[in-house]
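Student: Numbers -25 to -1, 1 to 139, taken from mature numbering (1 follows the signal peptide of the UniProt record, and there is no 0), label the letters of the sequence shown in order.
Calculated from the structure, these hints are not laboratory results. A virtual CB, placed ideally from N, CA and C, is assigned to each residue, including glycine. Hints may contain errors.
[Claimed, not checked] With a Cα cut of at most 27 angstroms, we get these calculated DSSO-like pairs of lysine-lysine:
{"no.": "1", "residue 1": "K33", "residue 2": "K17"}
{"no.": "2", "residue 1": "K112", "residue 2": "K33"}
{"no.": "3", "residue 1": "K106", "residue 2": "K118"}
{"no.": "4", "residue 1": "K17", "residue 2": "K106"}
{"no.": "5", "residue 1": "K17", "residue 2": "K118"}
{"no.": "6", "residue 1": "K17", "residue 2": "K112"}
{"no.": "7", "residue 1": "K33", "residue 2": "K106"}
{"no.": "8", "residue 1": "K33", "residue 2": "K118"}
[As the list claims (entries may be wrong)] Estimated spans, in silico, between C-beta atoms of each pair:
{"no.": "9", "residue 1": "E136", "residue 2": "P94", "range": "44 to 52 angstroms"}
{"no.": "10", "residue 1": "D117", "residue 2": "D96", "range": "32 to 40 angstroms"}
{"no.": "11", "residue 1": "G10", "residue 2": "D76", "range": "30 to 38 angstroms"}
{"no.": "12", "residue 1": "P94", "residue 2": "R46", "range": "34 to 42 angstroms"}
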Amino acid sequence: MYIPKIRPALVRTIGLLLVCCPAFFGCDLGANGPGTVPVTGKITYRGQPVPAAIVQFKPNDGDASHGAVGRSDAEGAFQMTTREFAGVVPGTYQITVVKYDAKTPEASTKENEEEEYTPPDEHARPTPGPKNVLPAKYANADKSGLTAEVTPSGPNEVVLELVD
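Put together the whole structure using the sequences plus the hints.
Tutor: This is the structure:
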């Protein structure tokens, strides 16, 4: 009966895989991810809730890798997320808030679709993008005056009362 020789290097590699794989797959970053804590808030402008606004947290330490973003609901409430994780890394942040006009471009009609294509005038001005309906200062982290201190112990509830 033939018994194949097993190479020592192969045995070490298989042993290493058997030890490392369960340790790697057993790691759990949790729902909030590595080092993040839940942050919620509410936005009002002129005393009214601001739906569909985009809130951004810019870290004061300049490390953009742990900035965060959230979008407000119909009541102006929002929850912040950092990349693919819920929550925000503890620290001090400058905040920006924008809300773009929800007007949609003119819908095409059947007769417009049948017209022959005409290339745009090369001297024509580009169509402007959506308009921010909040005061411009809130779109700039250095000018907004909005800040947040996110603590590991929480609660981290941010109330943003925007004025003209």
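Student: Of all the hints numbered above, which does this structure not satisfy? Sort the numbers upward.
Tutor: none
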